[in-house]
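J.: Here is how the chains run, residue by residue.
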Amino acid sequence: MKKYVKIFVILVSCFAIYSTAKADFEVVQTPPGYQALYGSSTSPLSGGDYCTYATTTEFRQSFNTSVVSGANLTPALDADHEPYTTQLPFIGLIMFRGSGTSAGDCIQRSDDTVDYYYYGFGNPPSGAFTFYSQGYFSGSVDDLITNIQTTYTHFVSITSPANFATGLGTTVTLSGSYYMTGTDIHGTNDVGPGAFHPYITIQGASSEATSSEFSFLIPILHFDSFQSFSTTTVVLDNNRYRWDASFTCFNNDWGWYTCGQNASVNLSSGYGFFQFTTGSFNPASSLKAFDLSMCNPLSGFDAVTCLKNLIIPSEYTIGVQLGSLKTLAATVPPFGYLTRIISIIATSSTTGVPTLSYTFQNDSPLAGDTLTFNVSSYMTQAATLSNSMTSNTDHKNVWEIMGPIVNTFLYLILVFAILHDLTGIKLIHHKR
Amino acid sequence: MIIYYLLQALQAVISGIGSVLPNASKLPTVGPLNLDTFFATGIGYVKFLAGIFPPLTTVIQCASIYLGYKLVMILIRLIFGNRTPTAEK
Numbered sequence: 001m002k003k004y005v006k007i008f009v010i011l012v013s014c015f016a017i018y019s020t021a022k023a024d025f026e027v028v029q030t031p032p033g034y035q036a037l038y039g040s041s042t043s044p045l046s047g048g049d050y051c052t053y054a055t056t057t058e059f060r061q062s063f064n065t066s067v068v069s070g071a072n073l074t075p076a077l078d079a080d081h082e083p084y085t086t087q088l089p090f091i092g093l094i095m096f097r098g099s100g101t102s103a104g105d106c107i108q109r110s111d112d113t114v115d116y117y118y119y120g121f122g123n124p125p126s127g128a129f130t131f132y133s134q135g136y137f138s139g140s141v142d143d144l145i146t147n148i149q150t151t152y153t154h155f156v157s158i159t160s161p162a163n164f165a166t167g168l169g170t171t172v173t174l175s176g177s178y179y180m181t182g183t184d185i186h187g188t189n190d191v192g193p194g195a196f197h198p199y200i201t202i203q204g205a206s207s208e209a210t211s212s213e214f215s216f217l218i219p220i221l222h223f224d225s226f227q228s229f230s231t232t233t234v235v236l237d238n239n240r241y242r243w244d245a246s247f248t249c250f251n252n253d254w255g256w257y258t259c260g261q262n263a264s265v266n267l268s269s270g271y272g273f274f275q276f277t278t279g280s281f282n283p284a285s286s287l288k289a290f291d292l293s294m295c296n297p298l299s300g301f302d303a304v305t306c307l308k309n310l311i312i313p314s315e316y317t318i319g320v321q322l323g324s325l326k327t328l329a330a331t332v333p334p335f336g337y338l339t340r341i342i343s344i345i346a347t348s349s350t351t352g353v354p355t356l357s358y359t360f361q362n363d364s365p366l367a368g369d370t371l372t373f374n375v376s377s378y379m380t381q382a383a384t385l386s387n388s389m390t391s392n393t394d395h396k397n398v399w400e401i402m403g404p405i406v407n408t409f410l411y412l413i414l415v416f417a418i419l420h421d422l423t424g425i426k427l428i429h430h431k432r
Numbered sequence: 001m002i003i004y005y006l007l008q009a010l011q012a013v014i015s016g017i018g019s020v021l022p023n024a025s026k027l028p029t030v031g032p033l034n035l036d037t038f039f040a041t042g043i044g045y046v047k048f049l050a051g052i053f054p055p056l057t058t059v060i061q062c063a064s065i066y067l068g069y070k071l072v073m074i075l076i077r078l079i080f081g082n083r084t085p086t087a088e089k
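Heads up: the protein sequence lines correspond to chains A and B, in order. Residue numbering for the first sequence follows the working numbering, starting at 1 and increasing by one per position. Residue numbering for the second sequence follows the working numbering, starting at 1 and increasing by one per position.
A hint or two may mislead.
Below are the SDA-like pairs computed for lysine to any residue, each with C-alpha atoms no more than 20 Å apart in a straight line [unchecked claim]:
| id | chain 1 | residue 1 | chain 2 | residue 2 |
| --- | --- | --- | --- | --- |
| 1 | B | K47 | A | V332 |
| 2 | B | K26 | A | L419 |
| 3 | B | K26 | B | I43 |
| 4 | B | K26 | A | K308 |
| 5 | B | K26 | A | T327 |
| 6 | A | K326 | B | K70 |
| 7 | A | K326 | B | N34 |
| 8 | B | K47 | A | I344 |
| 9 | B | K47 | A | S348 |
| 10 | B | K26 | A | P334 |
| 11 | B | K47 | B | V20 |
| 12 | B | K47 | A | D421 |
| 13 | B | K26 | A | Y337 |
| 14 | A | K326 | B | G51 |
| 15 | B | K26 | A | F335 |
| 16 | B | K47 | A | L410 |
| 17 | A | K308 | B | L7 |
| 18 | B | K26 | A | I342 |
| 19 | B | K47 | B | D36 |
| 20 | B | K47 | A | S376 |
| 21 | A | K326 | A | L338 |
| 22 | A | K396 | B | I14 |
| 23 | B | K70 | A | D421 |
| 24 | A | K308 | B | L6 |
| 25 | A | K326 | B | L21 |
| 26 | B | K47 | A | D302 |
| 27 | B | K47 | A | T351 |
| 28 | A | K326 | B | V20 |
| 29 | B | K70 | A | L410 |
| 30 | B | K70 | A | L419 |
| 31 | A | K326 | B | Y5 |
| 32 | B | K26 | B | T41 |
| 33 | B | K47 | A | T339 |
| 34 | A | K308 | B | I17 |
| 35 | A | K326 | B | T41 |
| 36 | B | K26 | A | V332 |
| 37 | A | K326 | B | I17 |
No wet-lab data here; the hints were simulated from the structure.
With these hints in hand, go ahead and build the complete structure from the sequences.
T.: As structure tokens, this is what we get:
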């Protein structure tokens, strides 16, 4: 038994060391901002067709010679249809629009028929896509998405907080962005002569029985462009606040109707949003702390479900409870002090060490002179001691060269310390 | 439901205890020494030095791992008692 425990401890220790060492050598880059990459041999046009209409060679030339900035691209662009990757911190958008598979047409996989593709994002609409050629490199992802992808009537985003527990009287902001085409203010039965007034309708969702009832109308004044909307209300009761946004229009002759004359446009992709004042249930899934309806013998009684419901609260509820306990414990000694210590240790801020100084006394030939030593000026600026000494071949500084060696040495010391502690194995010193 | 009310009760107990104890969201001041500022400044120095002297980060990591190992061994001793697999002294 002892042997197995020893092996287990050694394995766990080795894994911990390996994980730490591995993490230490990984390069983590902070995104400097999204960049977009899309295939085109011409300058981008808002809302237009971005089919390249260029051969692969021309495509590549334009990419290599005129547009690309930050040319740390890999692999070498030396073969047609070579899968393309980039070392840029964040790949943006790769877009092809049009059809055809030949080199003289849009560069596109033969089995792809959708107009555009994303790469490097979550939720790509057409799945992952391998970039087979090159194109212009400019703009930002957001710009490209808004300018190219979504030029039909729809809600682009909802930016309100979700599942947010708050108190009565708290201000709630419901906001988002949308795109609406100028033609979509008309209805499918567009025969009335009256004026058309399109709105964004925000209202408490009728599908939620306990949702508070409220409704807002936000006039739509701009078309064929991306717009933001926002409205603010106050939480007035202890109910959940769930809302949907939709496009509605009003015509003087035939009243309210759902905007849109094109049946294919996405007119009412409403978003659920939840704001509530009690922490005892999860409005997102209607899971309460306990639901006695599960134990109702008249409506599908299930003993297992009932008992489980009686003993185990919902995941959300127990999360809220444990969160409250955690918050409470963070202010009560001794856990509060422990929390504070961990918080201080975990912070990323640094404090510059103070400058050391010495003023020579009167009995010194340098009396009155002050000698100062500021570590920062020697070690943290461009012309530091470590940075000034670099390799002739790869221009690495001292730490970059010695770091892996020193780290390996330290980790080996740790391994031997643990091994010695576990097994008693130690270095043998021969006495002569 | 049962666990829910147990947690509610625990929360009530902790709230009751906490109401008579000092607020511990910050470290206390002992005499003239503000422990919170002192500790935060000290950790700031260490992080600063670790930034300009990279091996210090590894040293701290190794010390943390060794400390964790010691804690695991304490746990194992609690469980296995005399059967704990340690080197013979």
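J.: All hints are to be evaluated individually against the structure, with a verdict given for each.
T.: Do the hints match the structure? See the list:
Restraint check for B/K47 and A/V332: not satisfied, since their Cα atoms lie roughly 28 Å apart, outside the 20 Å limit. For the suggested pair B/K26 and A/L419, the alpha carbons sit about 39 Å apart, so the restraint of at most 20 Å is broken. Distance check on the hinted pair: B/K26 and B/I43 sit about 15 Å apart at the alpha-carbon level, within 20 Å; holds. A distance of roughly 40 Å separates the Cα atoms of B/K26 and A/K308; the hinted pair therefore is violated under the 20 Å criterion.
For the given pair, B/K26 sits about 14 Å from A/T327 by alpha-carbon distance, which is consistent with the 20 Å threshold. Distance hint between A/K326 and B/K70 is unfulfilled; the C-alpha atoms sit about 27 Å from each other, more than 20 Å. The hinted pair formed by A/K326 and B/N34 fails the criterion: a straight-line CA distance of about 25 Å is larger than 20 Å. With a C-alpha separation of about 11 Å, the suggested pair B/K47 and A/I344 falls inside the 20 Å cut-off, and the hint holds.
Restraint check for B/K47 and A/S348: the C-alpha separation of about 8 Å stays at or below 20 Å, so the hint holds. Taking the CA atoms of B/K26 and A/P334, the gap is near 11 Å; set against the 20 Å cutoff, the hint holds. Distance restraint check for B/K47 and B/V20: the Cα-Cα separation of roughly 36 Å exceeds the 20 Å cut-off, and the hinted pair is therefore not satisfied. Taken as a hint, the B/K47 and A/D421 pair is broken in the structure, with Cα atoms around 30 Å apart against an allowance of 20 Å.
A threshold of 20 Å between alpha carbons decides the hint, and for B/K26 with A/Y337 the separation of about 6 Å falls inside it, so the pair holds. Taken as a hint, the A/K326 and B/G51 pair is broken in the structure, with Cα atoms around 32 Å apart against an allowance of 20 Å. Restraint check for B/K26 and A/F335: the C-alpha separation of about 11 Å stays at or below 20 Å, so the hint holds. Distance check on the hinted pair: B/K47 and A/L410 sit about 19 Å apart at the alpha-carbon level, within 20 Å; holds.
For the proposed pair A/K308 and B/L7, the alpha carbon gap of about 17 Å is at most 20 Å, so the pair holds. For the hint pairing B/K26 with A/I342, the CA-to-CA distance comes to about 11 Å; that is within 20 Å, so the pair holds. A distance of roughly 16 Å separates the Cα atoms of B/K47 and B/D36; the hinted pair therefore holds under the 20 Å criterion. Straight-line distance between C-alpha atoms of B/K47 and A/S376 comes to about 13 Å, which keeps the hinted pair within the 20 Å bound.
About 12 Å separates the Cα atoms of A/K326 and A/L338, which keeps this hinted pair within 20 Å; it holds. Proximity of A/K396 to B/I14 is assessed by CA-CA distance (about 55 Å); at most 20 Å being required, the pair is judged violated. Proximity of B/K70 to A/D421 is assessed by CA-CA distance (about 10 Å); at most 20 Å being required, the pair is judged to hold. With a C-alpha separation of about 15 Å, the suggested pairing of A/K308 with B/L6 holds against the 20 Å cut-off.
With a C-alpha separation of about 17 Å, the suggested pair A/K326 and B/L21 falls inside the 20 Å cut-off, and the hint holds. Proximity of B/K47 to A/D302 is assessed by CA-CA distance (about 57 Å); at most 20 Å being required, the pair is judged violated. Between B/K47 and A/T351 the alpha-carbon distance is near 8 Å, which keeps this suggested pair within the 20 Å criterion. For a cut-off of 20 Å, the pair hint linking A/K326 to B/V20 stands: about 18 Å separates their Cα positions.
The hinted pair formed by B/K70 and A/L410 meets the criterion: a straight-line CA distance of about 18 Å does not exceed 20 Å. For the hint linking B/K70 to A/L419, the alpha-carbon distance of about 12 Å falls within 20 Å, and the restraint holds. Restraint check for A/K326 and B/Y5: satisfied, since their Cα atoms lie roughly 16 Å apart, inside the 20 Å limit. For the given pair, B/K26 sits about 14 Å from B/T41 by alpha-carbon distance, which is consistent with the 20 Å threshold.
Between B/K47 and A/T339, the direct Cα distance comes to roughly 19 Å. Compliance with the 20 Å bound is thereby established for this hinted pair. Only pairs whose Cα atoms come within 20 Å are accepted, and A/K308 paired with B/I17 is rejected, the gap being roughly 32 Å. A distance of roughly 26 Å separates the Cα atoms of A/K326 and B/T41; the hinted pair therefore is violated under the 20 Å criterion. Restraint check for B/K26 and A/V332: satisfied, since their Cα atoms lie roughly 10 Å apart, inside the 20 Å limit.
As the CA atoms of A/K326 and B/I17 are separated by approximately 15 Å, the hinted pair is consistent with the 20 Å bound.
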